[in-house]
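Chemist: These protein sequence lines map, in sequence, to chains D and Z. In terms of our numbering, the first sequence opens at residue 1 and continues consecutively. In terms of our numbering, the second sequence opens at residue 1 and continues consecutively.
Worth flagging that the hints you see were computed from the coordinates, not collected in a lab. Treat the hints with care, since some could be wrong.
[Stated by the list, open to error] Ranges of calculated distance between the beta carbons of each label pair, as one might list FRET restraints:
no.	chain 1	residue 1	chain 2	residue 2	range
1	Z	TYR278	D	VAL148	50 to 56 Å
2	Z	GLY8	D	GLN225	55 to 61 Å
3	Z	TYR506	D	THR174	53 to 59 Å
4	D	GLN64	Z	GLY8	21 to 27 Å
[Said to hold, decoys possible] Cross-link-like lysine-lysine pairs, in silico, DSSO-like; alpha carbons within 30 Å at most:
no.	chain 1	residue 1	chain 2	residue 2
5	D	LYS17	D	LYS196
6	Z	LYS332	Z	LYS268
7	D	LYS79	D	LYS268
8	D	LYS192	D	LYS268
9	D	LYS79	Z	LYS184
10	D	LYS79	Z	LYS514
Virtual Cβ for every residue (Gly too), placed ideally from N, Cα, C.
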Amino acid sequence: MAHHHDASTYYVPEQSKLPLITAFAMFLTVFGLGTWFNGVDSGPFLFAAGFMIMAGVMFAWFSQVIHENRAGLNNAQLKRSYVWGMGWFIFSEVMFFAAFFGALFYIRSISLPALGSGNNSELLWGGFQNDWPLMTTPDMAVKGGEAVHVGPEGNMSNPGIAGWLGWLPFWNTTVLLISSFTVHFAHTALKKDNKKLFNIWLGITVALGIGFLFLQAEEYIHAYQDLGLTLSSGIYGATFFMLTGFHGAHVTMGTFMLLVMLLRSTLKGHFNHHDCFGFEAASWYWHFVDVVWLGLFIFVYIMS
Amino acid sequence: MAHGPAHGLSRWLYTTNHKDIGSMYLWFSFAMFFLGGIFALIIRAELFEPGLQIVEPNFFNQMTTMHGLVMVFGAVMPAFVGLANWMVPMMIGAPDMALPRMNNLSFWILPFAFALLASTLFMQGGAPNFGWTFYAPLSTTYAPPSVTFFIFAVHIMGASSIMGAINIIATILNMRAPGMTLMKMPLFVWTWLITAYLLIAVMPVLAGVVTMMLMDIHFGTSFFNAAGGGDPVLFQHIFWFFGHPEVYIMILPAFGVVSAIIPTFARKPLFGYSSMVYATASIAILSFMVWAHHMFTVGMPFIGEWVFMIATMAIAVPTGVKVFNWVTTMYKGSMTFETPMLFSIAFVILFTIGGFSGLMLAIAPADFQYHDTYFVVAHFHYVLVPGAIFSITAAVYYWLPKWCGRMYDETLGKTHFWLAFIGLNLTFFPMHFSGLAGMPRRIPDYNPLFANWNMMSSIGSFLFGAAQVLFLYIVIRAIVSGRKATDRVWEGSHGLEWTVPSPAPYHTFTTPPKVD
Ligand code: HEM
Ligand SMILES: [Cu+2]
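Bound conformation, chain D alone (with noise of 0.2 Å):
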């Protein structure tokens, strides 16, 4: 059924081995990550096969679409529907991160300041006081040296204005924000069908979006060695890293899709100004992890 179509006839894809592959693949994964956690030996092998066969069906599906795309068997409505789905897988990721902003509020503003104060802080926790970022926990408060969640010797709150040429977080910020309008460069360099100019600005993009990782990964590394600033270093710990580590997460895969559309563009030729939705859907992406980044500088570096 692959054959002569128009637009104004529809395309429904033949069968497809994929999906099974790919949910019996998600299932492995998230097995194998189970019994490992709850110390199986045989787990992290099953977690990594399940990894492997995800990401050689991952990459099949994607040749596939492309191929699809490449023979002409994309119509336009077939297109919009491709939008659509990244612009709602966008959304959906918006409201994972929020969960986690929510948490960081709603510790901020009502949690710890309850704790802090009255009989919460008197009677149970030994005269707690709410502090951010959160160094003495209400367990120290308690046992003092025999507490079990200890809080952070040190943390990443913001220097003031003067010590900022100094402070990773803000070049952080300033390379993330220079690879927005990088990408989007790109992105103008393509629709005027410039392709040297268009790889020249997404490789840009791919190497600050590296440059970012390796910052990341230096600010810490720093936090673990120099500031026993720890995942379970009470509540600012956990915050801290959760939404750094999920940001960071997503900049890695922004990034790997940002090397995907620049290999295809420089090997394979592909993309030229009315057919490039692998590359947009890629640099939304990107837009979405940069905004997502100034909400952290925001509300995790500046205002603590």
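Starting from the known structure of chain D, arrange chain Z with the ligands on it as the hints suggest.
Modeler: Leaving out everything else, chain Z with the ligands in the frame of chain D:
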């Protein structure tokens, strides 16, 4: 795309056809309905009389938890997605869903996810035992090891729901036949459009909250632990931010189904079509602002109680609009009472009872008495059983002839209805009284004071269960040997799905139909 389905098992495994996928969703949901039903009957058997006779208390808790999870995520939600798969493309004149391969992925995740969830019953320490609302720290610090698998099962079924919802939105927004304007869409399509939006908005929040649990359990974070500066109440806020819209996810498509069936058998157009659309949209928007009505007793400040109480009551207004419209549609209609209509009328009456008990619960000071009692159990079963489940049942009777080209047996269908109707009222109506008298929910043993009400409930529940076995028989019998159905099927039916042959061809429309 002239050719029909592939042969053998591969047709189902590799399909990209919305009808195949719809059927798989529906059968899967039916299977889960029975699995969840078995869990429920174990609960009711234990509660038949006071004292501990059949199961251990810990196993009892596993049953309440698994019953809730399986019914919500395994029975009700997939059934509605199955109906959407079958009906939305036919109703809007589309060839299929917008993204057919992803559609099949959304389905096939579910058997894996529920196999994972069900396997926890056989794990060391048993299945999750912390209730379907899995409040921390019961679900973190004090949880059995199987909680990790529960978390991952939720993750992948959430991915399935999000992909399913994206597909439905893309289909509705993008695949309508020329002339099918938004305000001409059948209400079932409208309610699903809004439901899909709710799903995409809140399933990621559920993923977020289970991720925080995972981190607390295995990686030493303290999101829900006050000792590290976290807060167990935070769990409840995030959960219910997902949870309340989730209850509307389970009821909005039901509104759509009933809005299709009542006009058919009243032989009058739906009264107040546009007000139905706006009411659905307002319910969806309000559903994001009422979550803390599940937490009135958690110790919120007065202003919080007040705001959430008023917002919750406000939902009764658009809901009332809907009930009014259904009743007015029937008013002076030339009504007949085929099985789908019986289920739909029961829906209108009994869902309204559930709405009223919801309003009682919404009164914060009164909820201090009702909260965590059987009154809450009565409330949500009235909205879910004669609400969601009855509408799904009505939909199956209504569209089955279109799906398989054969009629069900009307006498058996009516028998099913009356058994289910009596069974469910016998089961859940007494719970209002035991609840008001103070019987707490989620306990395996109780004060003999509540014995009579509980005995009634248990008898009713087995009757209801038997009625569903009859339902299975009726469906199979119709598919195998039912009388041939006409294309219109129902004398009063309207809409694109009735213009195509019964059974509907494998590919309904190859070129867009004309809509005027
Ligand atoms: C007029 C509309 C409604 C109102 C005012 C309302 C109000 C409430 C309130 C206040 C509670 C919390 C009671 C407590 O825990 O003390 C509640 C619980 C519940 N409601 Fe509703 N409700 C409405 C409709 C619905 C619908 C349509 C559904 C599902 C289809 C639903 C499902 C539930 C469930 C599942 C629970 C219990 C959750 C649990 O604790 O396990 N409700 N409702
Ligand atoms: Cu609610």
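Chemist: Evaluate each hint against the coordinates.
Modeler: How the hints compare with the structure:
Checked against the given bound of 50 to 56 Å, the beta carbons of TYR278 (chain Z) and VAL148 (chain D), roughly 53 Å apart, stay inside it. The hinted range of 55 to 61 Å is satisfied by GLY8 (chain Z) and GLN225 (chain D), whose Cβ atoms lie roughly 59 Å apart. At about 57 Å, the beta-carbon gap between TYR506 (chain Z) and THR174 (chain D) stays in the expected band of 53 to 59 Å. A C-beta distance of roughly 23 Å is found between GLN64 (chain D) and GLY8 (chain Z), which places it inside the suggested range of 21 to 27 Å.
Restraint check: the Cα-Cα separation between LYS17 (chain D) and LYS196 (chain D) comes to about 38 Å, which exceeds 30 Å; the hinted pair is violated. For the hint pairing LYS332 (chain Z) with LYS268 (chain Z), the CA-to-CA distance comes to about 9 Å; that is within 30 Å, so the pair holds. Between the alpha carbons of LYS79 (chain D) and LYS268 (chain D) the distance comes to roughly 21 Å, so the proposed pair stays at or under 30 Å and holds. For the proposed pair LYS192 (chain D) and LYS268 (chain D), the alpha carbon gap of about 19 Å is at most 30 Å, so the pair holds.
Between the alpha carbons of LYS79 (chain D) and LYS184 (chain Z) the distance comes to roughly 24 Å, so the proposed pair stays at or under 30 Å and holds. Between LYS79 (chain D) and LYS514 (chain Z) the CA atoms are separated by roughly 23 Å; this keeps the pair inside 30 Å, and the hint holds.
Checked against the numbered hints listed earlier, the structure breaks hint 5 alone; every other hint is satisfied.
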